[in-house]
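J.: Sequence:
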Amino acid sequence: FMHPASLGLLVLFAYGLNGMARAYMSEPNLKSPVDRVKQWFVSQHGWERRWNLCLLGLIGVATLGWVFYAAIQPDTKKHLADVLLFGDSAGAMATFSLKMGAISLGTLFVVAVAVTLLVSGAFAGRLAGVMWLILGLVMVVDLCRAHSPYLVHENYVEKYASNPVVDVLRQRPFEQRVKLLPLQVAMSYLQTEAMALQQHTQSVTNQSARLQLQMEMQKLNIKAQQLSQFNGLYSVFWAQ
Numbered sequence: 001f002m003h004p005a006s007l008g009l010l011v012l013f014a015y016g017l018n019g020m021a022r023a024y025m026s027e028p029n030l031k032s033p034v035d036r037v038k039q040w041f042v043s044q045h046g047w048e049r050r051w052n053l054c055l056l057g058l059i060g061v062a063t064l065g066w067v068f069y070a071a072i073q074p075d076t077k078k079h080l081a082d083v084l085l086f087g088d089s090a091g092a093m094a095t096f097s098l099k100m101g102a103i104s105l106g107t108l109f110v111v112a113v114a115v116t117l118l119v120s121g122a123f124a125g126r127l128a129g130v131m132w133l134i135l136g137l138v139m140v141v142d143l144c145r146a147h148s149p150y151l152v153h154e155n156y157v158e159k160y161a162s163n164p165v166v167d168v169l170r171q172r173p174f175e176q177r178v179k180l181l182p183l184q185v186a187m188s189y190l191q192t193e194a195m196a197l198q199q200h201t202q203s204v205t206n207q208s209a210r211l212q213l214q215m216e217m218q219k220l221n222i223k224a225q226q227l228s229q230f231n232g233l234y235s236v237f238w239a240q
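Those letters in the sequence shown? Residues 1 to 240, per UniProt numbering, in order.
There may be inaccurate statements among the hints.
Straight-line Cα separation of at most 16 angstroms, EDC-like style, residue types lysine to aspartate or glutamate; simulated pairs [unchecked claim]: (1) LYS38 with GLU48; (2) LYS223 with GLU193; (3) LYS219 with GLU193; (4) LYS78 with ASP88; (5) LYS77 with ASP88.
Calculated directly from the structure, the hints in this document are not laboratory data.
Between the sequences and the hints, there should be enough to build the whole structure, so can you do that?
T.: Structure below.
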């Protein structure tokens with residue numbers, strides 16, 4: 001499901017970028033980007049004005065929330081250490097959460113600036129390539145930062161280093177690859193467990209508990225049958 005959905009979202013976003021490019025970047029820009037942004041702020045109306053007011057309000061509320069959260073950091077660390085019992089890692093957890101909040105706030109601000117430059121037509125006309133470069137750079141930086149925790153770097157020299165066991169197996173790689181517990185040992189273990197369950201069943205007077213123990217006995221019988229069948233297949237096909 002995710003692959004078709006991701007492809008559909010990709011096509012939808014491409015249509016959105018195409019529409020924004022036609023609406024905001026097709027007309028030639030005879031003014032400097034700064035003058036174009038100033039003119040746009042003065043002349044904006046309707047949906048664009050409401051969108052900017054909502055975006056500025058969101059940035060303001062997010063900034064106040066982060067400042068408030070930074071002010072209560074000592075209480076947060078104390079709560080993590082004393083109430084939630086995280087111990088010495090409480091300080092690092094609180095600092096990390098504050099750092100992630102700052103990164104999110106900074107990302108919101110950068111994206112707001114990039115979208116403002118786009119809809120204001122600051123880089124319309126012959127400077128459209130600069131705008132696409134800015135949008136691509138913002139996207140790449142954001143995705144790289146978001147996916148960095150999932151990148152695990154390993155030292156393949158240490159990971160695949162040889163050892164005495166590997167050296168022995170390397171001499172005859174077609175042997176000593178499969179090891180099966182002898183059938184007699186496995187069956188004796190199952191018989192011991194079955195005898196213990198049978199003795200426990202005889203001493204139990206509760207009907208529901210007795211039924212539960214009988215079900216366990218049936219499971220042991222099924223395991224014994226499966227083990228016998230698997231041992232036969234192993235002896236016929238794999239042991240050769």
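J.: A separate judgement is required for each hint: does it hold in the structure or not?
T.: To see whether the hints hold, each was checked on the structure:
Taking the CA atoms of LYS38 and GLU48, the gap is near 14 angstroms; set against the 16 angstroms cutoff, the hint holds. The straight-line distance between the Cα atoms of LYS223 and GLU193 is roughly 12 angstroms, inside the 16 angstroms bound, and the hint therefore holds. The straight-line distance between the Cα atoms of LYS219 and GLU193 is roughly 11 angstroms, inside the 16 angstroms bound, and the hint therefore holds. The hinted pair formed by LYS78 and ASP88 meets the criterion: a straight-line CA distance of about 11 angstroms does not exceed 16 angstroms.
Distance hint between LYS77 and ASP88 is fulfilled; the C-alpha atoms sit about 10 angstroms from each other, no more than 16 angstroms.
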